[in-house]
Amino acid sequence: AFCWASGNIVSKRIASPSPLSLVVWGSLYAFPPIMILSLIFEGPQVFVSSFANLQWTTVAAVFYLVFLSTFFGYSIWGFLMNTYPAATVAPFSLLIPIVGFSSSSLFMHEDFPMWKLGASVLVILGVAINVFEGRIKRVFSAN
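Residues 1 to 143 (my numbering) are what the sequence shown spells out, left to right.
Just so you know, these hints were derived from the structure itself, not from any lab. One or more hints might be untrue.
[To be verified] Estimated spans, in silico, between C-beta atoms of each pair:
id, residue 1, residue 2, range
1, 38, 92, 30 to 36 angstroms
2, 142, 83, 29 to 35 angstroms
3, 13, 97, 24 to 30 angstroms
4, 102, 132, 18 to 24 angstroms
5, 95, 67, 34 to 40 angstroms
6, 1, 116, 18 to 24 angstroms
7, 116, 53, 30 to 36 angstroms
8, 50, 10, 28 to 34 angstroms
Where a beta carbon is used, it is the ideal one built from N, C-alpha and C, also for glycine.
Kindly generate the complete structure, drawing on both the sequences and the hints.
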């Protein structure tokens, strides 16, 4: 949570004209150290076996993670952070896990127990109350 909040503050202070450029450059700088650490701790044989056993589902997952989740998601998030106050945008980060396990249930046919549905409803209600706080106060103060 601390790193997420810090990243949002840094992103807002940088005020990059293109949030996508911030994501791309950040990803390019992160790639070499991650590859070196992977080679040190996992060894080169992991890379060889990964490419030897490559399946279309793996390629689709990487495509989703790189393009839809990272570039698209962070570009929208960066735009929102540059356009609106951080306190207005930040509560929407609570919806990320809901989108994640809902997507895994829909596309990967993973279980979606009732407790997840109940928790999702509570989180969505909390975000809605936060977003519409002024309107809710006006409705209840008018009565």
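Hint by hint, here is what the structure shows:
1. For residue 38 and residue 92, the Cβ-Cβ distance of about 32 angstroms falls inside the hinted range of 30 to 36 angstroms, so the restraint holds.
2. Checking the proposed 29 to 35 angstroms range against residue 142 and residue 83 shows it holds: the Cβ atoms sit about 30 angstroms from each other.
3. The hinted window of 24 to 30 angstroms between residue 13 and residue 97 holds, with their beta carbons roughly 27 angstroms apart.
4. Between residue 102 and residue 132, the C-beta spacing of about 22 angstroms keeps the proposed range 18 to 24 angstroms intact.
5. At about 20 angstroms, the CB distance of residue 95 to residue 67 disagrees with the hint of 34 to 40 angstroms.
6. As the Cβ distance of residue 1 to residue 116 is approximately 21 angstroms, the hint placing it in 18 to 24 angstroms holds.
7. Separation of residue 116 from residue 53 is about 32 angstroms and conforms to the stated range, judged on CB atoms against 30 to 36 angstroms.
8. A beta carbon spacing of about 33 angstroms between residue 50 and residue 10 agrees with the range 28 to 34 angstroms that was offered as a hint.
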